[in-house]
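Peer 1: So the sequences go chain by chain: A and B.
The first sequence begins at 1 in my numbering and counts up by one.
The second sequence begins at 114 in my numbering and counts up by one.
Quick caveat, the hints were computed from the structure, so don't treat them as lab data.
Treat the hints loosely; a few may be bogus.
To be verified - Once the Cα atoms are required to be at most 25 Å apart in a straight line, the calculated BS3-like pairs of lysine-lysine come out as:
1. K172(B) x K155(B)
2. K213(B) x K40(A)
3. K172(B) x K22(A)
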Amino acid sequence: DTEVTQTPKHLVMGMTNKKSLKCEQHMGHRAMYWYKQKAKKPPELMFVYSYEKLSINESVPSRFSPECPNSSLLNLHLHALQPEDSALYLCASSQGLNYNEQFFGPGTRLTVL
Amino acid sequence: EDQVTQSPEALRLQEGESSSLNCSYTVSGLRGLFWYRQDPGKGPEFLFTLYSAGEEKEKERLKATLTKKESFLHITAPKPEDSATYLCAVLAFMNTGFQKLVFGTGTRLLVSP
Chain A
1 DTEVTQTPKH LVMGMTNKKS LKCEQHMGHR AMYWYKQKAK KPPELMFVYS YEKLSINESV
61 PSRFSPECPN SSLLNLHLHA LQPEDSALYL CASSQGLNYN EQFFGPGTRL TVL
Chain B
114 EDQVTQSPEA LRLQEGESSS LNCSYTVSGL RGLFWYRQDP GKGPEFLFTL YSAGEEKEKE
174 RLKATLTKKE SFLHITAPKP EDSATYLCAV LAFMNTGFQK LVFGTGTRLL VSP
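Just need the whole structure built from these sequences, with the hints factored in.
Peer 2: Here is the structure:
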């Protein structure tokens, strides 16, 4: 199994909702990442987990809360989002801890109303 | 400030018409340069990693090269299925001692039959 899966594919939420994005990989990768990508822009790194511990937080607002329950799963909990948070949220994983050869999931398309 | 610039923004080629995409960077402490391909609505797909000036990597019709200031992605005799956005990303050491990953804005390639 050489893929990263993300659910849901699409999500529409109001500004007062609480929702979660899920990411899963079964490649035994030690690092997992969350990215945000706006239309026609490059991905922006949000969080990095190494060995299930949060190692990088790129000054992301607290309304985004990551969680790594185990080595295969990565969640992104969303609360009180703003319309400008609407974007494609990408999860990635890599064997090494140096961003090399990242496998990306297909993303969750998030719309905040 | 660390910067990664890709050119051109968009490129239209005829099938079989070879060309090159450029990724120039101004970072200190380069740790690696990555090339990705991204199809619309999908996550990026890893292509190459380059670590030092003079290094070259090849895969099918693609060849990536690296100098001290830029990287080129050469596409030889492209086919319509090569149409995608090509992203480069640079991993660099910051003055803080931490690594930072910076993506370029990408080159949208369209190959016509």
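Peer 1: For every hint, state whether the structure bears it out.
Peer 2: Now for the hints, and whether the structure bears them out:
{"no.": "1", "hint": "K172(B) x K155(B)", "verdict": "21 Å, holds"}
{"no.": "2", "hint": "K213(B) x K40(A)", "verdict": "22 Å, holds"}
{"no.": "3", "hint": "K172(B) x K22(A)", "verdict": "32 Å, violated"}
Checked against the numbered hints above, the structure breaks only hint 3 and satisfies the rest.
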